[in-house]
Amino acid sequence: MGLSREDVIKVAQLARLELSEAEIAALTSQLGDVLTYIEQLSKLDTEGVEPMAHAVEMVNVLAEDVIEESFDREQILSNAPSRDDTCYRVPPVLGE
Amino acid sequence: MSGTAYTTVIGLEVHVQLDTRSKLFCRCSSQFGAPPNTQTCPVCSGQPGALPVMNLRAYELAMRAAIGLNCEIPQFTKWDRKNYFYPDLPKGFQTSQFDLPMSQDGYLDISDPEGAFEERRIGIIRAHLEEDAGKSLHDEEAGKADSRIDLNRCGTPLLEIVSQPDMRSAAEARVYLTELKLLLTYLEVSDCNMQEGSLRVDANVNLHIDREEDLIATPIVEVKNMNSFRAVQRALEYEVERQYELWQQTGRKLGDVGVTKETRGWDDEAQLTRAQRGKEESSDYRYFPEPDLLPVTATGEMVQSVRAGLGELPAALRTRLAREYQLSPYDADVLVNQGRSLVDYFVAVADRCGDGKSASNWLQQDVLRHLKETGTTIEAFAVPGEQLADLISAVHSGALTTSRGREVLTHLISNGGTVAQAMQQLGIEEVDQSELEELCRELLIANPKIVADIQSGKTKAAGALVGQAKGKNPNVNPHDVQRICLKLAAEM
Ligand SMILES: [Zn+2]
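Line by line, the protein sequences give chains A and B. Under my numbering, the letters of the first sequence match residues 1 to 96, in that order. Under my numbering, the letters of the second sequence match residues 1 to 492, in that order.
Calculated directly from the structure, the hints in this document are not laboratory data. Don't take each hint at face value.
Cross-link-like lysine to aspartate or glutamate pairs, in silico, EDC-like; alpha carbons within 20 angstroms at most [stated by the list, open to error]:
1) Lys43(A) with Glu57(A)
2) Lys135(B) with Glu57(A)
3) Lys135(B) with Glu50(A)
4) Lys91(B) with Asp333(B)
5) Lys82(B) with Asp292(B)
6) Lys472(B) with Asp432(B)
7) Lys10(A) with Glu13(B)
8) Lys78(B) with Glu57(A)
9) Lys253(B) with Asp268(B)
10) Lys78(B) with Glu130(B)
11) Lys78(B) with Asp84(A)
12) Lys261(B) with Glu13(B)
13) Lys357(B) with Asp333(B)
14) Lys78(B) with Asp72(A)
15) Lys135(B) with Asp85(A)
16) Lys135(B) with Asp84(A)
For the chain A half of the interface with chain B, some residues (derived, Cβ under 10 angstroms), not all of them [stated by the list, open to error]:
17) Leu14
18) Leu41
19) Lys43
20) Val61
21) Glu64
22) Ile76
23) Ser82
24) Thr86
25) Pro91
C-beta atoms are modelled at their ideal positions from N, C-alpha and C, and glycine is treated no differently.
Construct the entire structure; sequences and hints are all you get.
Here is the structure:
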């Protein structure tokens with residue numbers, strides 16, 4: 001199946017990745033190889049096999065609606081690259 | 001060129017916050033209004049490795065709403081990741097539902113009590129359970145260009161309800177929203193508070209224009225940022241006009257090269273919609289199954305038991321009130337639209353006094369006005385239903401006139417107690433018939449001109465005696481005074 005250069009540019013844009021020309025070329029070939037490898041699966045006869053929606057064959061794991069203590073704000077904000085006393089700080093969002 | 005016939009086509013996407021205590025995938029509180037970032041944990045702040053667990057109550061409430069909307073509940077449902085980047089979405093994806101939503105193919109019937117349109121059935125494509133994002137706060141500090149992010153709301157359970165494009169006017173869209181909100185309130189799945197963001201509306205709108213040979217559709221526009229049902233109606237009315245004028249100028253239509261769905265935001269101050277920056281490739285969310293959450297299955301018994309517990313819903317209740325209490329459709333609508341507690345109060349009053357029409361009149365004219373003026377609810381109303389029922393009965397029997405009945409109600413509101421006690425404290429007592437005849441006789445003797453008028457057929461003249469009678473005894477019933485005066489004058 002393979003992958004086109006345009007596919008890679010589009011996926012990179014969606015993932016907000018800035019790629020150099022060399023990286024685009026390398027990824028086009030590497031990601032294409034991955035797809036070709038997976039493509040082998042389509043050779044299998046899946047007639048009569050029910051589509052799988054989840055890798056684990058387990059359902060209905062739900063928790064009671066009971067409040068538990070949240071994390072301390074100081075602790076949770078300490079992971080942020082930029083913050084102030086109460087909030088995360090992020091670069092401004094365009095168009096806001 | 002003007003006057004080409006067209007049809008307005010509107011579909012609505014409504015998000016409602018489900019009324020759980022904790023969030024959808026973690027047990028942080030989902031309470032509105034806490035200080036920023038005090039209700040978060042590794043799961044809802046999107047820390048690597050944190051694992052979600054579905055909230056049972058959220059799933060049950062979602063199912064309750066879906067069944068109330070006449071949706072099918074598929075046996076098997078799963079969740080998917082909707083991938084996009086935004087600072088209030090720390091995981092880089094929203095956990096939502098894509099191809100196997102928890103409910104689908106429902107409907108909501110709407111009608112306009114004022115008769116502006118026929119009863120219509122609005123299809124529901126699907127209702128699915130997903131998580132909310134956080135909030136960007138505006139930065140008050142001058143000179144700082146950063147956005148500040150509060151993740152308290154992140155992971156709050158939302159039900160997204162997607163309608164078919166079945167609405168044909170902005171007014172219909174507003175009625176649909178009003179009815180949807182009423183239904184969800186009766187179902188007790190959400191408080192639907194728009195100010196706090198518990199109910200949000202996005203609208204898709206375009207026009208189908210009739211041309212001799214073919215049907216032309218204008219490009220579909222998604223309208224956002226509408227903060228009230230009124231704003232939804234105004235925004236859609238504006239958008240219909242704008243699209244029609246634009247089509248006349250440019251002829252651009254759905255299906256033309258380069259025409260994509262446009263997103264516009266409603267500016268309530270300026271009363272117009274503005275183009276929003278298109279999130280490039282925004283439709284490419286690259287959904288894939290959420291590997292960290294297990295699917296959920298719904299059994300037939302589960303669906304049956306939820307359906308059995310829904311209680312009487314607005315549409316059925318309107319019909320029953322109108323039938324059992326001889327109310328007009330309009331009156332039944334007014335009462336039902338006030339919510340279940342008011343209907344319960346009405347039923348208690350009507351059953352005890354045996355007159356639904358009077359109970360409805362007293363509720364609408366006196367009780368609702370009082371609640372509105374004082375900003376309270378029927379739950380906090382000081383007069384128990386049985387006292388209002390006794391008051392109505394007293395008016396029926398003639399023991400109270402309507403206007404003295406209002407005095408009694410005011411007294412009950414301020415002082416409590418029974419109708420009998422209120423009447424006693426207000427000095428209202430039933431006037432003895434012979435006493436009343438005596439009073440009327442005295443008045444007639446003192447007013448020979450009125451007697452003459454009555455005798456010559458001008459029965460209206462007796463009205464002048466009512467005021468005088470009330471002056472002598474405030475407890476007299478005006479109808480009785482009039483009746484007795486006419487009888488006595490004829491005999492004189
Ligand atoms: Zn949490």
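Consistency of the hints with the structure:
no.	hint	in the structure
1	Lys43(A) with Glu57(A)	violated (25 angstroms)
2	Lys135(B) with Glu57(A)	violated (36 angstroms)
3	Lys135(B) with Glu50(A)	violated (41 angstroms)
4	Lys91(B) with Asp333(B)	violated (45 angstroms)
5	Lys82(B) with Asp292(B)	holds (14 angstroms)
6	Lys472(B) with Asp432(B)	holds (14 angstroms)
7	Lys10(A) with Glu13(B)	violated (28 angstroms)
8	Lys78(B) with Glu57(A)	holds (12 angstroms)
9	Lys253(B) with Asp268(B)	violated (27 angstroms)
10	Lys78(B) with Glu130(B)	holds (11 angstroms)
11	Lys78(B) with Asp84(A)	violated (38 angstroms)
12	Lys261(B) with Glu13(B)	holds (15 angstroms)
13	Lys357(B) with Asp333(B)	holds (13 angstroms)
14	Lys78(B) with Asp72(A)	violated (32 angstroms)
15	Lys135(B) with Asp85(A)	holds (16 angstroms)
16	Lys135(B) with Asp84(A)	holds (16 angstroms)
17	Leu14	holds (6 angstroms)
18	Leu41	violated (16 angstroms)
19	Lys43	violated (23 angstroms)
20	Val61	holds (5 angstroms)
21	Glu64	holds (6 angstroms)
22	Ile76	holds (6 angstroms)
23	Ser82	holds (7 angstroms)
24	Thr86	holds (5 angstroms)
25	Pro91	holds (7 angstroms)
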